[in-house]
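**Q** Quick one: dock chain against chain with the hints and give me the complex.
Protein sequence lines, in the order shown, are assigned to chains A and B.
Under the working numbering, the residues of the first sequence are numbered 287 to 402, in order.
Under the working numbering, the residues of the second sequence are numbered 37 to 146, in order.
Misleading hints may appear alongside valid ones.
Selected chain A positions facing chain B (in silico; Cβ < 8 Å) [claimed, not checked]:
hint, residue
1, Lys-328
2, Glu-342
3, Phe-377
4, Glu-390
5, Gly-396
Pairs of lysine-lysine residues, derived as PhoX-like cross-links and limited to a Cα-Cα distance of at most 25 Å, are as follows [unchecked claim]:
hint, chain 1, residue 1, chain 2, residue 2
6, A, Lys-328, B, Lys-72
7, A, Lys-364, A, Lys-343
8, B, Lys-106, A, Lys-328
9, A, Lys-328, A, Lys-369
10, B, Lys-103, B, Lys-92
11, B, Lys-104, A, Lys-369
None of these hints come from the bench; they were simulated from the model.
The beta-carbon is built from N, C-alpha and C at its ideal position, and this holds for glycine as well.
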Amino acid sequence: EPEVTQTPSHQVTQMGQEVILRCVPISNHLYFYWYRQILGQKVEFLVSFYNNEISEKSEIFDDQFSVERPDGSNFTLKIRSTKLEDSAMYFCASSELAGELHNEQFFGPGTRLTVL
Amino acid sequence: GEDVEQSLFLSVREGDSSVINCTYTDSSSTYLYWYKQEPGAGLQLLTYIFSNMDMKQDQRLTVLLNKKDKHLSLRIADTQTGDSAIYFCAESRDTDKLIFGTGTRLQVFP
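Just chain B, same shape as in the assembly (with noise of 0.2 Å):
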């Protein structure tokens, strides 16, 4: 079946590092996403895995993928103001289409 669950929520204080997480049901993903969404503004690619990896940085961000658990993670190192926003998971197989989690809203209070 097709299922990628988040939680709703998350805070965490200016400076921390925040980690998103992401569950998903079906093991024949082929690429796994993280999107991010600002108030009044379309879906952002922020990074992407493929399945064969464990782990992805790019600058702030890094991704770890555990494909036994079938669980996926974003931590934001130095998490700043601009950061608050609400961040999809995503996964796509052998089409086309994205399949997304509900989203999870990041605050960062100073």
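This is chain A alone, in the form it adopts within the complex (with noise of 0.2 Å):
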């Protein structure tokens, strides 16, 4: 069965540094998100992205996070400078169709990234 992939399983990274997290969405999937889960609370939404653009996005979702799709398989989220705060884990998810009908979302199975 297709599924979500997403690398790597656990990030370490040091306050003011760089990340990027992976995920391969299912192939034929035309629609990709990233969600976080900081620990005991909600699951967050932070960006939907298709056709090459970011279609919608909160308001956790600022300068400091881009997306991209660097190629027919990849779809990545980057931090730019981390804060302690992006501590959380991350998920991604895709989905073959959108918007008002029925669109079952697919899971990855997160990223947990700790910012010492």
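**A** Written as structure tokens, this is what we have:
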């Protein structure tokens, strides 16, 4: 069964460093998402991406964050200068459809980011 | 506003039914979802319900939606140890983003 994969499973970085979290969505999916979950808190939407551009982003997704689909398979989230409060589990998701139709978003296992 | 609330823990005996509850604040929700997260794994969609439905049944799972009270529940019949996981309620409106609750940790004991 096709699945979304994410690497690395755990990333430890120093405050102020740049990190890139990687995701490989399901191959025939066209819509891609990043969510994050700070320990003990809710899963929060960060950004959605379609046709090589951001379709929606949350207030969390400020200028420190960027997303890219550098090739036909990868979808990345970059944090330019990490802060302590960026420590969280980051989930990638993809879906075949979007909009008002029911779109099942398939989630990856997550990358745990720890900022020291 | 956007707010989805769930109780944090539920403990049930194997073979009993589990009922996980969720409340939401925005009446314009289009779809409501239940996701399951097992340790070390991603969020797996269990079931969903369209906002104009009251109930949906899928094998051991029953979803009830009370739009007036903005209350969603997931009933798992004949709960098994393999059902132990965190269960997230989520809603979507006219955009793609999902708005999640905090998750309910279900523990099934023999």
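**Q** Tell me, which hint numbers fail for this structure?
**A** Structure breaks hint 11 only.
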